[in-house]
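J.: Sequence:
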Amino acid sequence: MQRSAEKTRVYNGINLFMAHGKNLLQKIADILLLATVFIAPLKLGGMLLPGVPGVFPTNVLELVIQIAPPMAFALLAALLLIVQLAAYAVPENFTLKNPQIKLLLLWLILPLAALIGFINATSLESAVVEFEYTLALAAFAAAAALNLTANGKIMQDKLLNTMVWSTMLTALLGANQYFFGFDEMKEYIELQEKVYHVKITPEIKARALDVRTYATFTFASALAAMFCLTGALSVVKAYFAGERVEPARVSRSLFGGVTLLLVGGIFLTTKGRSAFLAMIVAAAVCGFVKLKRARIKLLVAVAGAICIIAGAFYIHYAGRGFGSMTERVGYLKSSLEMFCNHPLLGDGWGDFTFHHAVNKSFGNEELAKDPHNFVAAFASQTGVIGGIIALLMLFYPLWLSGRKAGKNNDLVQLSIFAGLSAFSLHILMDLDWQVPALMIWYAVLVMIAVAEFEGENAAAATAVGKKIWCSALVLLALIALLGAGHWCIADQTHSEFLRAAGQEIGVNNTMRGVYEVDALAEKSLRWQPYSHSIYASWALDAVRRGNYPVAEKRYLTALKMVPRSHALHERLGDLYELQGNSSKAAEFHAEADRLFPYKKIFFEKRGGKVPAPAAGSY
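Per the working numbering, the very first residue in the sequence shown carries number 176; after that it's consecutive.
Be aware that a few hints might be false.
[As the list claims (entries may be wrong)] Dumping the calculated EDC-like pairs for lysine to aspartate or glutamate here, alpha-carbon to alpha-carbon at most 20 Å:
#1 Lys641 x Glu267
#2 Lys328 x Asp585
#3 Lys759 x Glu727
#4 Lys642 x Glu267
#5 Lys735 x Asp749
Calculated from the structure, these hints are not laboratory results.
Working from the sequences, and respecting the hints, build out all of it.
T.: Spelled out as structure tokens, the structure:
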């Protein structure tokens, strides 16, 4: 009996220790998720650009100041999923009867749809990065779903409050930039032109000097998209926070009003026309959802139409014109043509640039690497399956959230629906899906938006179901971690090579010795043997050193990978001019003009010479 009692005490002690350990691990998992959501707009607002490597900070100062590269998000998402799995395993209500898990299934299928884009891709450079990125999106969505299904309402409120605080902080940083930061940009451009004699084109200079707040993001449109997501939520949350301070009526108005001025004011300084349109449409949609009387709904529709028409007149007569907006029409036209050419499998990742170059007929000389439309990006490059999945990812949570907002008088739920409505429209007009910070917040918001809907409290998952889900999520975590590891090493080696070759974007550094540069190029190619960008940069290094035969060989290797690249044809034409081979130079320049005819037309209209392609535009 004594021995039995002793064994029982030991077992109880072990169980108690494990329970404490489990609780600690769950707290760590919660903190990591909240921290990721908080820092998202502050550190993960960079843009995914295949062929242009990201760089990890090398010291504490860079860590504080610089935006983290997209590959950091991939690594973070994979590790976060592993921690959530270790802490919560598979919760009881993790079944397909739960709308959160139905939604998660779409995010999990997204990387499989991205794989279709490998089939017709001219080069694997974009395809590999896009696949690794979609793996990271799926991993983060799975991590968020695990935590939210395990913790429910408590974690929902914490995440919403975290997003509000982060929105406010980002808005304050935007205010600081708007009032004090743009003078530094003017000084920087003057320094580049007068001291370093860097030639900056009128278009780039106009864009740099255009006072558009972007705060901690790469572009102003991304900051505007963030406000689309959480602007209304921040105002509503601040309004209710005022109830804690007496007199409550005055405090509510004060808190809500100050937040509206801060968030709304900085939102206006982004000058994001597509974001303004998205917010107007979202407000009108919310009016239709909540208002009951047909006459008032008609007034809302008329007011929305008047705002849009007034905005159009402002843009035409006092704003920046419709240039970038007409560019979007061109992107959609090219996307539709690509989809019609390959409806089942798409034209392949990265091929949008080549197709759009041949067919572009208006706008400026710039070429986009993405259609600036989430659904069009997948439909044109991965075919009908990818397009349908992207469409469902947007409109399934929007439909559920709209039904919830219409059934109750919860202003928080209505503000979430407004944010999702605005963002869902904006992501169809810009590159939001290529910005990790925006997709992190979007994933969290849609999971919260569909939570506690009918069907969530259905029967618990079976033991077999739990094992299947656990196996699938563990497999996703491992593949995402491998993808993130490859992405980090590939970008790091590529970046080291560009730095040694004196080609790092935005940095005035000199070329190092040829043997060091060649060794770094070969090291980078071991991780990315499919990269035409590395071969093109390596060829440019040989041109700068006067080794034209080697440069020719490297350019031709890159051209075999992407035979539709106008930039590589143009560079080869320039190289043959340097060698005195005028017939070959004319041949390659003519092919460059055929592959991108509008570029020549655009610069001839301006009466200037067509400039050489920028580094990285292959």
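J.: Hint by hint, note whether the structure agrees.
T.: Against the structure, the hints come out as follows:
no.	hint	verdict
1	Lys641 x Glu267	holds, 8 Å
2	Lys328 x Asp585	holds, 14 Å
3	Lys759 x Glu727	holds, 12 Å
4	Lys642 x Glu267	holds, 12 Å
5	Lys735 x Asp749	holds, 18 Å
Checked against the numbered hints given earlier, this structure breaks none of them.
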